[in-house]
Every structure is written in C-alpha cells, then in structure tokens.
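Asker: Taken in sequence, the protein lines are chains A and B.
Numbering (this note's numbering) for the first sequence: 1 to 112.
Numbering (this note's numbering) for the second sequence: 1001 to 1115.
No wet-lab data here; the hints were simulated from the structure.
Treat the hints with caution; some may be incorrect.
[Stated by the list, open to error] Between beta-carbon pairs, the in silico distance windows are:
no.: 1; chain 1: A; residue 1: H76; chain 2: B; residue 2: Q1050; range: 30 to 40 angstroms
no.: 2; chain 1: B; residue 1: R1022; chain 2: A; residue 2: S53; range: 13 to 23 angstroms
no.: 3; chain 1: B; residue 1: G1072; chain 2: A; residue 2: S25; range: 35 to 45 angstroms
no.: 4; chain 1: B; residue 1: E1028; chain 2: A; residue 2: R58; range: 42 to 52 angstroms
no.: 5; chain 1: A; residue 1: H76; chain 2: B; residue 2: D1063; range: 18 to 28 angstroms
no.: 6; chain 1: B; residue 1: Q1050; chain 2: A; residue 2: R58; range: 26 to 36 angstroms
no.: 7; chain 1: B; residue 1: Q1050; chain 2: A; residue 2: T30; range: 38 to 48 angstroms
Quick reminder that beta carbons are idealized off the backbone N, C-alpha and C, glycines included.
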Amino acid sequence: DAKTTQPNSMESNEEEPVHLPCNHSTISGTDYIHWYRQLPSQGPEYVIHGLTSNVNNRMASLAIAEDRKSSTLILHRATLRDAAVYYCILRDNTGTASKLTFGTGTRLQVTL
Amino acid sequence: DTGVSQDPRHKITKRGQNVTFRCDPISEHNRLYWYRQTLGQGPEFLTYFQNEAQLEKSRLLSDRFSAERPKGSFSTLEIQRTEQGDSAMYLCASSFWRSSYNEQFFGPGTRLTVL
Chain A
1 DAKTTQPNSM
11 ESNEEEPVHL
21 PCNHSTISGT
31 DYIHWYRQLP
41 SQGPEYVIHG
51 LTSNVNNRMA
61 SLAIAEDRKS
71 STLILHRATL
81 RDAAVYYCIL
91 RDNTGTASKL
101 TFGTGTRLQV
111 TL
Chain B
1001 DTGVSQDPRH
1011 KITKRGQNVT
1021 FRCDPISEHN
1031 RLYWYRQTLG
1041 QGPEFLTYFQ
1051 NEAQLEKSRL
1061 LSDRFSAERP
1071 KGSFSTLEIQ
1081 RTEQGDSAMY
1091 LCASSFWRSS
1101 YNEQFFGPGT
1111 RLTVL
C-alpha cells in the first residue's frame, strides 16, 4: 500500500469545523482513500472512504483533490467525542485488498 | 450484534511464558485480522484469515507466534516464550469481504504486558 503523510497533531475548538489533511503523492489509480479513527482506549473505527469524488456520510465528509495526490477529512462541527487519532490509509481495490497499513495518524484535540 | 469481542482485555505475564488470546468476530464476517499496536504508533498488521484459511502473514509474525481460526468463526493468537518486546495491544478486526471495499470492525484489544 502507498504511503500517506499527515500532521502529527491538530487542535480545534468545539462546535467548529475541522479539516484534517492527508498527502498521498504516490497514489495509484486503483487505490481507495480510507479514513479510520481511534478513540482513546478503543480499537480503530471506520470513518469514510472514497476514490475520486467527494463523499459525505453521517460522520464526516471527504474532499479529494482532482489529481488525487491529497485529500481532506472534514468534521463539520467538532465535539469533545471527536478527540481521537485519525488515520488516512490507501487501499488497493484490485480485489485482493486485505490488511490496513496504518501510519502514525493525526491526533486531534478538541477543546471547549 | 455486539461487535467484535476479545478476551482477555488485559494480560500480564512473565518473560518466557506462553499466552493465548481469543477473538470473536461479528457473526457473518468471513475475514478476520490480527494487528499489534505499540504506544504512539498505529496498528501493524500481523495476519488475516478468510474463513478458516490463513491467507497472509506479516514478517512481524515470528515463529513464536501462531494464529488459528479452526472453524472459520473465532480465532486464537498464541505467543510462545514471550519476550518484553511483545508487550503491546493486540487488536482483532473482522470484515465481510466484497470486491469494492471491506470495512474492518475492530475489537477493544488485548493489552499484553511482559515483565
């Protein structure tokens, strides 16, 4: 799986939007962009994924650059419960995709 | 459905002892994964099963590690002759494999401390 680069940490105020960036300049045409997050003392949980178009779900939005070399996870209104480590992961879609290759992620702090 | 469960949640052992962890996946999921996570790092892949077949093993999985999924349901991860470097959180995940993507659902993990 191709490598991703994320900032080590970010801070946000509660109720404000948060934009978490991810660079993946070596992404291949068959790679999907996945985001997982890990709340304190829990296993990771799926957030969202996309290929080329921007995606929205109940948790977040994913904005993908036109050249696909970067993406941004958007939390529209951060809450204290969103404090977690967010991982951006590329996964091949050729049908053999199995493991998730995690980096060190971005630790998001949310303050009142 | 109660999600992925792991047992025990915590294990303290002395160096040289053997330990075994259990993972119960979500019932209809045919893929099961094991990961290891050390402090400040993201989880690292160890191995995965599709049904009862072990399809991939990481080079991190030394000869002291063995995983089984005998009937394609629960899985066990055994570490023989534990070393202090084995201290970590061991995470299990499961998924229902489809060709597009397969979201992995993680359990709470088993924290191993080797003294």
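Asker: Could you run down the list of hints and mark each one as holding or not?
Answerer: These are the hints, each one checked on the structure:
1. H76/A - Q1050/B: 30 to 40 angstroms: 37 angstroms, holds
2. R1022/B - S53/A: 13 to 23 angstroms: 41 angstroms, violated
3. G1072/B - S25/A: 35 to 45 angstroms: 40 angstroms, holds
4. E1028/B - R58/A: 42 to 52 angstroms: Given a distance of about 22 angstroms, which is not inside 42 to 52 angstroms, the answer is violated.
5. H76/A - D1063/B: 18 to 28 angstroms: With a Cβ separation near 49 angstroms, H76/A and D1063/B fall outside 18 to 28 angstroms, so the hint is violated.
6. Q1050/B - R58/A: 26 to 36 angstroms: For Q1050/B and R58/A the Cβ distance comes to about 30 angstroms; the hint holds.
7. Q1050/B - T30/A: 38 to 48 angstroms: Check failed, 20 angstroms falls outside 38 to 48 angstroms.
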